Every structure is written in C-alpha cells, then in structure tokens.
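K.L.:
Protein chains in written order, with the numbering used here: chain A, 1 to 564; chain G, 1 to 564.
These are computed hints drawn from the structure, not numbers from a lab.
Note that the coordinates shown come from a computational prediction; the quantities given were computed from them, not determined experimentally.
Incorrect hints may have been included.
[Claimed, not checked] Within a straight-line C-alpha distance of at most 27 Å, the following computed BS3-like cross-link-like pairs (lysine-lysine) qualify:
#1 A/K499 <-> G/K333
#2 G/K95 <-> A/K144
#3 G/K150 <-> A/K110
#4 G/K150 <-> A/K132
#5 A/K144 <-> A/K273
#6 A/K100 <-> G/K176
These are the residues of each chain, in order.
Protein chains: 2
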Amino acid sequence: MLTFNRHLFTTKLPTFCRSLKTWSRRMTTVGQDINERVSAQGNVVRTLKSQGAPKNEIDKEVEKLLALKNLKVGESGSGKKKDNSFTLKTPKGTKDWYDKDVVLREHIFKTVTDIFKRHGGVTLDTPVFELKEILAGKYGEDSKLIYDLKDQGGELCSLRYDLTVPFARWLAMNPKVTNIKRYHIAKVYRRDQPAMTKGRMREFYQCDFDIAGSFDPMIPDSEALKVLVESLDALEVGKYTIKINHRQILDGIFAVCGVPSDKVRTISSAVDKLDKLPWEEVKREMVVEKGLSEEVADKISEYVLLKGDRSLLEKLRSDSLLSSSPSASAAFKDMDLLFDYLESFGILDKFSFDMSLARGLDYYTGIIYEAVTEASAPKVKSSTEKKSSEDPEADRSNDDSIGVGSIAAGGRYDNLVGMFAAKKNSQVPCVGISLGLERIFSILRSRIPDEEIRANEVDVFAMAFGGGKEWTGFLKERMQICNDLWKNGIKAEFLYKAKPKPRQQFDAADRYGVPFAIILGQDEIDQNAVRIKRMGLKEKSDEGQLVSRADMVKVLQDLLASSN
Amino acid sequence: MLTFNRHLFTTKLPTFCRSLKTWSRRMTTVGQDINERVSAQGNVVRTLKSQGAPKNEIDKEVEKLLALKNLKVGESGSGKKKDNSFTLKTPKGTKDWYDKDVVLREHIFKTVTDIFKRHGGVTLDTPVFELKEILAGKYGEDSKLIYDLKDQGGELCSLRYDLTVPFARWLAMNPKVTNIKRYHIAKVYRRDQPAMTKGRMREFYQCDFDIAGSFDPMIPDSEALKVLVESLDALEVGKYTIKINHRQILDGIFAVCGVPSDKVRTISSAVDKLDKLPWEEVKREMVVEKGLSEEVADKISEYVLLKGDRSLLEKLRSDSLLSSSPSASAAFKDMDLLFDYLESFGILDKFSFDMSLARGLDYYTGIIYEAVTEASAPKVKSSTEKKSSEDPEADRSNDDSIGVGSIAAGGRYDNLVGMFAAKKNSQVPCVGISLGLERIFSILRSRIPDEEIRANEVDVFAMAFGGGKEWTGFLKERMQICNDLWKNGIKAEFLYKAKPKPRQQFDAADRYGVPFAIILGQDEIDQNAVRIKRMGLKEKSDEGQLVSRADMVKVLQDLLASSN
Numbered sequence: 001m002l003t004f005n006r007h008l009f010t011t012k013l014p015t016f017c018r019s020l021k022t023w024s025r026r027m028t029t030v031g032q033d034i035n036e037r038v039s040a041q042g043n044v045v046r047t048l049k050s051q052g053a054p055k056n057e058i059d060k061e062v063e064k065l066l067a068l069k070n071l072k073v074g075e076s077g078s079g080k081k082k083d084n085s086f087t088l089k090t091p092k093g094t095k096d097w098y099d100k101d102v103v104l105r106e107h108i109f110k111t112v113t114d115i116f117k118r119h120g121g122v123t124l125d126t127p128v129f130e131l132k133e134i135l136a137g138k139y140g141e142d143s144k145l146i147y148d149l150k151d152q153g154g155e156l157c158s159l160r161y162d163l164t165v166p167f168a169r170w171l172a173m174n175p176k177v178t179n180i181k182r183y184h185i186a187k188v189y190r191r192d193q194p195a196m197t198k199g200r201m202r203e204f205y206q207c208d209f210d211i212a213g214s215f216d217p218m219i220p221d222s223e224a225l226k227v228l229v230e231s232l233d234a235l236e237v238g239k240y241t242i243k244i245n246h247r248q249i250l251d252g253i254f255a256v257c258g259v260p261s262d263k264v265r266t267i268s269s270a271v272d273k274l275d276k277l278p279w280e281e282v283k284r285e286m287v288v289e290k291g292l293s294e295e296v297a298d299k300i301s302e303y304v305l306l307k308g309d310r311s312l313l314e315k316l317r318s319d320s321l322l323s324s325s326p327s328a329s330a331a332f333k334d335m336d337l338l339f340d341y342l343e344s345f346g347i348l349d350k351f352s353f354d355m356s357l358a359r360g361l362d363y364y365t366g367i368i369y370e371a372v373t374e375a376s377a378p379k380v381k382s383s384t385e386k387k388s389s390e391d392p393e394a395d396r397s398n399d400d401s402i403g404v405g406s407i408a409a410g411g412r413y414d415n416l417v418g419m420f421a422a423k424k425n426s427q428v429p430c431v432g433i434s435l436g437l438e439r440i441f442s443i444l445r446s447r448i449p450d451e452e453i454r455a456n457e458v459d460v461f462a463m464a465f466g467g468g469k470e471w472t473g474f475l476k477e478r479m480q481i482c483n484d485l486w487k488n489g490i491k492a493e494f495l496y497k498a499k500p501k502p503r504q505q506f507d508a509a510d511r512y513g514v515p516f517a518i519i520l521g522q523d524e525i526d527q528n529a530v531r532i533k534r535m536g537l538k539e540k541s542d543e544g545q546l547v548s549r550a551d552m553v554k555v556l557q558d559l560l561a562s563s564n
Numbered sequence: 001m002l003t004f005n006r007h008l009f010t011t012k013l014p015t016f017c018r019s020l021k022t023w024s025r026r027m028t029t030v031g032q033d034i035n036e037r038v039s040a041q042g043n044v045v046r047t048l049k050s051q052g053a054p055k056n057e058i059d060k061e062v063e064k065l066l067a068l069k070n071l072k073v074g075e076s077g078s079g080k081k082k083d084n085s086f087t088l089k090t091p092k093g094t095k096d097w098y099d100k101d102v103v104l105r106e107h108i109f110k111t112v113t114d115i116f117k118r119h120g121g122v123t124l125d126t127p128v129f130e131l132k133e134i135l136a137g138k139y140g141e142d143s144k145l146i147y148d149l150k151d152q153g154g155e156l157c158s159l160r161y162d163l164t165v166p167f168a169r170w171l172a173m174n175p176k177v178t179n180i181k182r183y184h185i186a187k188v189y190r191r192d193q194p195a196m197t198k199g200r201m202r203e204f205y206q207c208d209f210d211i212a213g214s215f216d217p218m219i220p221d222s223e224a225l226k227v228l229v230e231s232l233d234a235l236e237v238g239k240y241t242i243k244i245n246h247r248q249i250l251d252g253i254f255a256v257c258g259v260p261s262d263k264v265r266t267i268s269s270a271v272d273k274l275d276k277l278p279w280e281e282v283k284r285e286m287v288v289e290k291g292l293s294e295e296v297a298d299k300i301s302e303y304v305l306l307k308g309d310r311s312l313l314e315k316l317r318s319d320s321l322l323s324s325s326p327s328a329s330a331a332f333k334d335m336d337l338l339f340d341y342l343e344s345f346g347i348l349d350k351f352s353f354d355m356s357l358a359r360g361l362d363y364y365t366g367i368i369y370e371a372v373t374e375a376s377a378p379k380v381k382s383s384t385e386k387k388s389s390e391d392p393e394a395d396r397s398n399d400d401s402i403g404v405g406s407i408a409a410g411g412r413y414d415n416l417v418g419m420f421a422a423k424k425n426s427q428v429p430c431v432g433i434s435l436g437l438e439r440i441f442s443i444l445r446s447r448i449p450d451e452e453i454r455a456n457e458v459d460v461f462a463m464a465f466g467g468g469k470e471w472t473g474f475l476k477e478r479m480q481i482c483n484d485l486w487k488n489g490i491k492a493e494f495l496y497k498a499k500p501k502p503r504q505q506f507d508a509a510d511r512y513g514v515p516f517a518i519i520l521g522q523d524e525i526d527q528n529a530v531r532i533k534r535m536g537l538k539e540k541s542d543e544g545q546l547v548s549r550a551d552m553v554k555v556l557q558d559l560l561a562s563s564n
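The shape of chain A in the complex, shown without the other chains (with noise of 0.2 Å):
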C-alpha cells in the first residue's frame, strides 16, 4: 500500500509549523502549565465544533492543539525541549519486532512449536511477573540481573528471569501432574548489558521444551535431544554440533583429582571457559585465582581436555581411578544407555563427548549438553581477548578468540521442582532444551536475501482500470469482489481510493510482492468478468487471462495452488 493524500499534510505543515514555532515561544514566555493549556485548547476545538465554525478555523485550532501535546510529550522527558526523539525509543534492551524481521521470527516459532507437538508437547503459558519469592535464590550471584516490579501496593512482584522457574512453580503448584512435555515460548527479562547486535538483549525470547516426570532413565532425556536435533536441522542453522557431558562425570574427575568440595563450583565454572581460553589460562585462573595446588590441575588437565565420540566412554571406564568413583560410574551407565538411544534415533552423529562442558546453571543433576555452530567457537584458543580489551581501539570483529556462543542448551534438573515443595509428592525430576531464539534469528536473517521473505500472505490485489470524470473507481465492485475472494479463504486487498489510478494500485501490490491481480475495467464489467493477471512478470504487456466473475475464485484457488 502507497500514501496518497500526501497533500492533505503538505498543505497543512506550514500553518502547522508556525503556530508550533509560536506557541513553543509563548510556552517559554509565558511558561504556564502545559496541562492545563492542552485541555483549554481541547474545549476550544469541541466548543468551534459543535458551533459548526468553519473547517479551517477549526483545523488552525486542532494545529494549535496538536502542538500543545507535543510540547507536552517534549516536556514530560526531562527538559530537553528542542528534541523529544529520546521519548520516542523503546526500553534499553528492547525491540519492536516488524517487518520481515517479524516474518523470520514467525518462521521459526511455528518451525519448533510444529515439532514440539509431533513429540505431544503442550504449551504452558505463565505469568510475564511471579511473586518476587519465587525467584528469590535461584540464579546465584545473576540474581542482581531480575527486573522488579515497583511496590505500588500488594504483593512483590518481579518479571521471570527463565521460563524453567515457572515452569517448576507450576509443577510444585498441580502435584496432580505427575509428568507432562510442555513447550513454553514466551520472552524472559534480565538487566545485563545489552549487546543488541550481537542478540543480547535484556527483553529476549527463550524455545523451551521440557519433559517432566519419573521415567526408565535416560528414554526422555534421549527424545528431548531428539526434539533438538529436529528443531536445528528443520529450522537449516548449518552444521552444528551438540556437546554433551554428565554432571556425574565432572563430580567424578573433581573427586579423584581432589578437589575440596568447597572448590568444586568454582572449578567447574573455570573448566567451561576452555572454550574460549586455552589450558594455560584456566589452569592459571585455577590455581592463582582459586587457589588450587598445580599438581590437582595438572590432574584435571588429563582429564577435562578430552572429547571424542562415544569410544571415549570406554577410555573414560578403563581408567581405573576415575571408574573409582561410583558417581563416575554410575553416569557412566547413563551414558551407556543414552548413546544406544541416540542412536536408535539415529542422531548419535550430531553429539560430541565433551569433557570440558560443565554449564554454568547449578540446578543441573544429570547429563548437560550445548549446541554450537561453526561460528560459536573461537577459530583459536589464545588470550587475545584479554589484550583487546586492553586496547579499546582494536577492532574486536576479526578477534577469533571470540565465538557467538551456544544456539541451544540444557540439561536434567530432578530437584529444581523440589524446592518450592513442602509437599512430598512434588518432586518432579526434569530434563529440557531452550533455544535462544535472537541467536538463531540472526544466523538465518544473515543468510536470507531480503527479496526471499514477504511482509505480508497477500495472495491477490483487485485493481481497478478507467478514468475520466464520469468513471465510478468500481470501489463498490472491488469490495465484493475481495468480500467473495476472503469467504474463500484468498488473502486479498483492494486500495482505499474511490477512483485509484493503475500505477498506485500496481506499486502496493508489488510493495508485498502480491503474486496476482484481478483487474477491473469497464470490458471486464461489461462481460461480467475479471481479468486475472501474474504479477512480477517482465513483460508489462501481459494482459493477463479474461475470466468469468462466477469461476473468478475457482481459478485462482487452482493458480494459487500450483504456485506453491
């Protein structure tokens, strides 16, 4: 659709401008209260209305109207006068989502939900807010990130920092459900440091799918990795892989290598980071930072820096000092099992054995897993990125040692449910997936040309052809005519213009990329048909097919048809 009326603006903006320019003066000069001027102003408009004064009085006065909110609007931000642009911008942290962005995005929710449902998911929509107590010690030290509601009254209320929380909250809430698969897809908030061109927001989507309930181990864990092998491979993210460990297995290596077990958390977190920094630096982090002896780090070396495909379970179980470790061994089983699983789903290709994965979250109790793309990891493993940071001035975008970081994650948390139960029977045990959908939104929006994705489903445009003064526009004819077409379930416009012109018709088509048009002329009415015409083609000459009115929708529903 274009703008026409254009003029109808044109013509005011002078009138608009100058009294704009006066009244912001008087505002200055004689500096009385806004409100009370607006609503002044607004009785003046109603009262020359219902007087019935003339239409460009009346106008001047809304002008002045207008205006007056304006500098209201200007005003309520804090004095800036000459530019209120600042009021006009969304939240720090935030978008507004439209467009072909909002068409991508759409893409990719019906993409997952459609398979989160073929696995008998269902949906669970909770709260955007919780009591604030319910939030309250479940994220550790990034409980300083959750946005609280302001006390007006009533209870403490703050937005949801995950969608897992809620989701444990309900479970602890309807002890009658006992396992369920839901799929949440629903935004979370957390006050970081936004990063919005690299997709960190503090208002972002999470895919969460989650199977909850007491089942023969390790059968939904393998399904929710199947869920997420299907979601990545639909949703054509390119070659991905999933690193996955068992948290059993970490506890294991730490427990033998002799760990303190007050060091274990910590320790845990520096080994994720090899990633991004080589073993000289996490084993530095380890031992200068942490405190821990260099002779229990060299020991963990041996062990975290390995990954492979599943033989290396068997390496893992001939070392007779980890196997020592019934924890190890008992996760060992686990792995075992999930591994034949993975592989009568016949996806056990996609999954790397990787040591060196511990996860930050602390609810995790089982097996952990992160999917990464080629561009998720560092090209290399060096302390670049300390120095960069030094050097404000260097360029960051060709730093390899920096990744986009994992598409997807989880795990299985048996006790996060637990902890809002007083009631015995509601410890759930659970394992899940969450996508992080801006990441995904970005590697997909990068590589789809702009001209593949349409704004808007338009199937048709009916048009209308002629002129002259005596020439109705058919506005009557082309309302019936999209009122048949929508009956029909064809997504259909026509251009809110009594008597459009051919050119304005044709380029609010071709805004969207409408596929067809049905033309109406005066041949066409005469006949009692419509011209049914291709839209897009290169020869403008196409005149298009002549078709009776009454086979108009037959027609196209076949064209329709065959052009999917």
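Mind docking chain G on chain A? Use the hints.
P.N.:
This is chain G only, laid out in the frame that chain A set:
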C-alpha cells in the same frame, strides 16, 4: 501418560518426612542461617557422591538438603512457617493457562490471526514495558492502574496498558511507515480490582487489528468492521450486535442541546451508561451530580435514546436542529458512506445505529463501536444494581441489571500518533478493533464440552505387547517406529518404559484421546510388521489390522487423512 515408579517416592517418603521434621526442629532451635546450611549440606552430598558412599547414605543427605531448601522457600515468605503454599501461587489477577483452556485459547488466536492476515495484516511485536513517559497522559484517571517497574537505576518504565499506545509510539518512531494494517495479540496489564470468574484480570490478552494511514473516507473503517464481523462469526460466539455511533454526532447533539463545552465529556460518559441504567437515573446523574440544567437533559433524551437501523440516519438528518450542527452533518456524510460500504461487504444487518453509545476513551475522533452478545447487556434496566450492592448477601448472579459487557470494541483515533510527534509527517490517522480474549473465551469454554477438546495432538501411540523375563520390551523398535513417524510429520509418542504393561500404554494413549495405536508383539516382529488399531472403539476385542513395516507410514497417513 501415567506415572510409573511411584514407589521411587513412596519408599523415600517416610525418611523424607522424618528428616524434614528433624531439620525444621533444629532450624527453629539452633536458628542458624539457612543459606549457609544449604550450601554446607550441598557440599556434604557432593563429597559423599564423589567418595562413592552407598546409595542410601547419599539419598539420606540429599533429602536433608531438599528439606533445608524447602525451609528456605518457606522462610522467604515472611515467616508463615507451617504453610508455605502461599508462595506457590501466581500474582493477584494473573493465571497460568494450560491443558484444554490453552488449546481453546490457541484456537481463538489462530482463528483471528488467519482473518487478520487474510486482510493483509502484518504483525508488530512491541516490548512488554515502555518508557513511563510514553504512557503518561494517555489514559486519563485510569493512569493510576498502570504497573510501574521498580527504579533499579536507568530508565523509568511501565508495563503496557494496552496495545494501541505502543502502536502509536511505533508509528511516530517510524515516519516512513505512512500506512499499515497491523495486528497484535498480546497481554496488557492493569492494576485493577480483579474479578477472575468474570474474566476481569490484571494480566489479560487483547487481539488488535488497526489500519493506519490517510485514505479516502470510511473505506478503511468499513474493512476494520468487516474484519470484526468475520472474527466474531468464525469464533461462533453466538448471536451478537455491533452498536455503532459517531463522536461528531454526539458532539453535535450536546452542542445543539446546549451542553457547556467543559461538561461535554462528563455528560458523554453519563450517556454511555444507558445500556445499564434507565434514563431517569442517567438524567439524575446529569442534573444532580453533574449540574446540567433539567431542560438541557430532557433535550438530550430526545436524541440519545434513539437507536435503529440505517433509516435512523434519515430521521436525524430531517431534524432541523441537529442538522444545523456542521459537525453532526459532516458525520452524517460519513455514516452514509459507511453504511454503503457495509452493505457492499454484506454485513449491514449486524449493526445497530445507537445514539447512546459514547465509549469512555478520550482519543476517539470518528466512528465508535462495541460488539455485544445477548449476555452482554442487562435483561432489565433498573437500579437494582445499586440496591443489591447495598445488600452484600444478595446473590448477584441472577441480577438481570448486570451484564457481561462488550466482547469487542474500537473506533477511529486520528490524533493519537500526533501526541508523540514533533515531526510534522508523523500525524497518522488510525481506525481499529480490539477483541477481548478472556470474555470470548469464557463464552466458548462454557459451551464446548470438555471431551471435544484434546489437550495434545498426538496421532499415534506406539505400544509393545509381551512379557516374561526374556522379553525385551521392544524399546528400540518403538523408538525407530516413532522416528519414522516423526520424520513423516506424524505426531507420535511411546511410553518411557523399557518393559511397559499394555494397560499403562492404553491408559497413556486414552489420557489424551490418541486416535491410533501401533501394536508391536513378537508375532508382528517375526513378520516384520506392525498392528494398527483404532483407539476408543467399544469392542475391545478389535485386533486392528496387520500392516507390513514398510507400509506403516503410508497406511497411517491415509487413515489420518480420512479420519479428519
């Protein structure tokens, strides 16, 4: 899906409860810091695991840990030690959507979204919170109902109160977008006194479709109303009427009757109550409460009590007094055009031209409308509302003076975008509709029998039959069958159990009304075949049909196609 392994819990419960008691006692007596204790106990567990203590030993410590964490949750709720269920709730005026409710809700969303797209609508997604100043001065006295975010440093923000103001803010931010059909289905937030059963929530959904841009008069208005009619028809909300009026006709009425311009809005809101109260009471409010002269009030009554079909327009035109008002006679032209267009769209019969419709919001500038069902309006107009509210014991549910209210509404607002815009070209006239999901949901939910709603969409449940020690349970085979089904887009599940009982599998399939079962026994395996059984048939004896493994997918696809 049913629950198995419940013993996994029952065996532990006694211990669990004991340790819970023990620890609660200690907590209150010793009263040591819980967080300290939790992390300490966490280390105990980790150490035991890594040292490979016997399973039951570890379990005991884990239970202590859980007990501690439960106390922690309980504690965070300001000391109601005995019952921490109050932490297990959603905030006041909010709810979780799940099971059949969410399925019906999704159906409503899909129905209206399809219609919005059919008319060329594109969606816009704005952040759930806006800069506080964006919402300031848009909602009159209702502004007190706006949720603010806590000031945690940085910008002051508020949760969106509707979808219209964010849309106007976006239009002002994007002056290049001179016209658009945008739809937005999302939650909005109002700190109102909730009445959940009546669908009055603090967090609730709006489904908005708006047409922005300068076009020939009343054409977009008529399509917005066409979209509204298509939506209500497709949703099958039952018999409904769309009351319609024009702000400038009301302005004209108030003017020619001599209402002082400073009283116009308040008198207008009094008129708006005529659907709930008899004229005598409305008049009383005008005269006694709002100081209007009785003579003027009586004059008003000659107009605002009028309602009818298109013919009413001629009646008003022929009224010399009213047609002396230019704002009214301008509106008459609008209504004439609109009625023509509604007729072209074949929806004129849905409308009631109703002079008593005034609508609350200040920002409407042209036509206004409101869709009501038979349940919306009170059966009798009386003052019993006041009476019964004086008697709190009275049962209101049968009070015919209380209606459900409108299920959709909207109107033309040409000046809202301008309120944000200092830029001259940012003045964009708009017309739109908004459907209230919760009210429509409550109408449909009460009408649709539970058994007609399926909570998940699974088509096939893969089952294993057999038994005995040497029986494998065909887990691998079930996984591969589901694999093939998923690959072909067939929604399928299997029981997460290595050796499931037939009963468990049938119950799991019945729970969600899965239409087909694939049955796998030794016979089928030997013949490299499967048995496809239609579920829910009375004759439990039905053996189903034997199909070769190779034909399985094809046969199921045909069965599913024919059963839809």
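K.L.:
So, for every hint listed, does it hold in this structure?
P.N.:
How the hints compare with the structure:
1. A/K499 <-> G/K333: Between A/K499 and G/K333 the Cα gap is close to 18 Å, so the pair holds against 27 Å.
2. G/K95 <-> A/K144: Distance ~26 Å between G/K95 and A/K144 Cα, so the pair holds.
3. G/K150 <-> A/K110: Answer violated: G/K150 to A/K110 is near 34 Å, above 27 Å.
4. G/K150 <-> A/K132: Holds, at about 12 Å.
5. A/K144 <-> A/K273: holds (22 Å)
6. A/K100 <-> G/K176: holds (15 Å)
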